[in-house]
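Under this note's numbering, the first residue of the sequence shown is numbered 1, with each subsequent residue one higher.
Keep in mind the hints are simulated off the structure, nothing from the lab.
Treat the hints with care, as some may be off.
For each label pair, taking beta carbons as the anchor points, the in silico distance ranges come out as [to be verified]: (1) Asp44 / Leu314: 26 to 36 Å; (2) Arg422 / Gln104: 26 to 36 Å; (3) Trp249 / Arg193: 23 to 33 Å; (4) Arg432 / Gly40: 17 to 27 Å.
Cβ coordinates follow ideal geometry from the N, Cα and C atoms, glycine included.
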Amino acid sequence: MSTALARTKAADVPLATAGLLIGLLLSVLDQTVVAIALPGIAADLGGMDTIGWIVTSYMLASTATGALYGRVSDRFGRRPVFLVAVAGFVAGSALCGLAQTAPQLIAARTLQGIGAGALFVLPTIALSELYPQRLRGRVQGFTGGVFALAGLGGPLVGGAITDAWGWRWIFYVNLPLGLLALALAAYALRLPRPGGDGKVDVAGAVLLAGATVSLLLVAEWGGRTYAWNSGVIVALAGTLVALAVLFVWRERRASNPLLPLRLFADRVLRVVLPAAALLGALLGGSIVYLPTFLQSAYGMGATQAGLALNPYVLTFMAVSSLAGARIGASGRFRPYLIAGAAIAVLGFVLLGRITPGTPYVLFAAAIAVLGAGFGLLMQNVVVVAQNAASPEDLAATTSAVVSVRGLGLSLGVALFGSLLARELRGRAPGPRATAEAIPDVLFWGAPAAAALVVLLALLPGKARRP
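Working from the sequences, and respecting the hints, build out all of it.
In structure tokens:
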């Protein structure tokens, strides 16, 4: 009996898939759903000077812990770790809804983020083990669609819930969905334990988390909260370098390293990891600032803006699903990935030419082009890395790629924010200025996407293990 057939008989694959995708949906949704509710939260809880940490604490916790979960699940099994992570996420959501002060809410969001780090990573690993390699592209295409739906649907959901029931319900709605994911995974997710019997590299995880947080804070604060040459930024940059060096030193000596350095000997992974970071940055910049443009340029509310992003979301989902099936059958990733990056270049160029007076139909066409490009790229970057990895390195490889992409996404939000702040200097504040500045910021995605084309051209023609 084949391994894939044995797994299929041991698990209820459709129900397990549903549980995993609900977990992924929650983790991505809560990265974007809160932003629209911040004014209401500030009015209710106060602490306006720290209100940004309600978003930042979640982002830092989920990004810093993501790489750890692959190795932890190697040691203890995918299902137990997923269940614990969902339980932590649900508990954090309940505490967010009950918070009476801004510091309490920030602490609860941190707990949420720690759980979300696993919900970003583990579904991608487990789905690649539930399905045979020939179906990975199709299945991971669904996860890309969920990511797009949750990422861009966050403002829509957050605005609708806040308007109808108040900001606390953007957290309370996680409870039934989280419990459903728990029930489905507990009942249906059955995977053989990978057999990792070594100790989890806790020291490596701490060093990597510290380096990740330092990098994100440099990107988030540099040039805005603090000058680039300020003592705070210089100290964070020095900490980043020191922790990165210590992490490499630790990984060379650990018996069961968090991120085996042998992964970087593989030609495919040497390309995919920086490509995933660059892709994440481009995704982050577009996901955050497209809704803002719609609200400032066309006077839309949060709900209207969410609906107006349908051309992006629907194109992303359709292309991701269809391309995943086709690529999975052929195993020829490189042409599709290069085409996706080239289409993304075109999408950013078109968005850079948009003005506040541009008819919505032209804006819709531009975001549909961008959605098509990202649909070709999003999960296929992960699958090409998975297909290049040996079975014992599958979890570590997937964790690395998904975590690096998440790190890139967070950096993209911060860096595009810095570009927007620079564009707004000297302009009279208001929606018109914001609407005029955002296309100039988005245009910077075009050269970054062009660099992604060049990078992906370095992939071998058929990146699949026999």
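Query raised in the report: Would you say the C-beta atoms of Arg422 and Gln104 sit inside 26 to 36 Å of each other?
Result: holds, 35 Å
**Report entry** Whether the CB-CB distance between Trp249 and Arg193 falls inside 23 to 33 Å
**Finding:** holds, 30 Å
**Report entry** CB-CB spacing for Leu314 and Asp44 relative to the 26 to 36 Å hint
**Finding:** holds, 35 Å
**Report entry** Satisfaction of the hinted span 17 to 27 Å by the C-beta atoms belonging to Arg432 and Gly40
**Finding:** holds, 25 Å
In terms of the numbered hints stated before, the structure departs from none.
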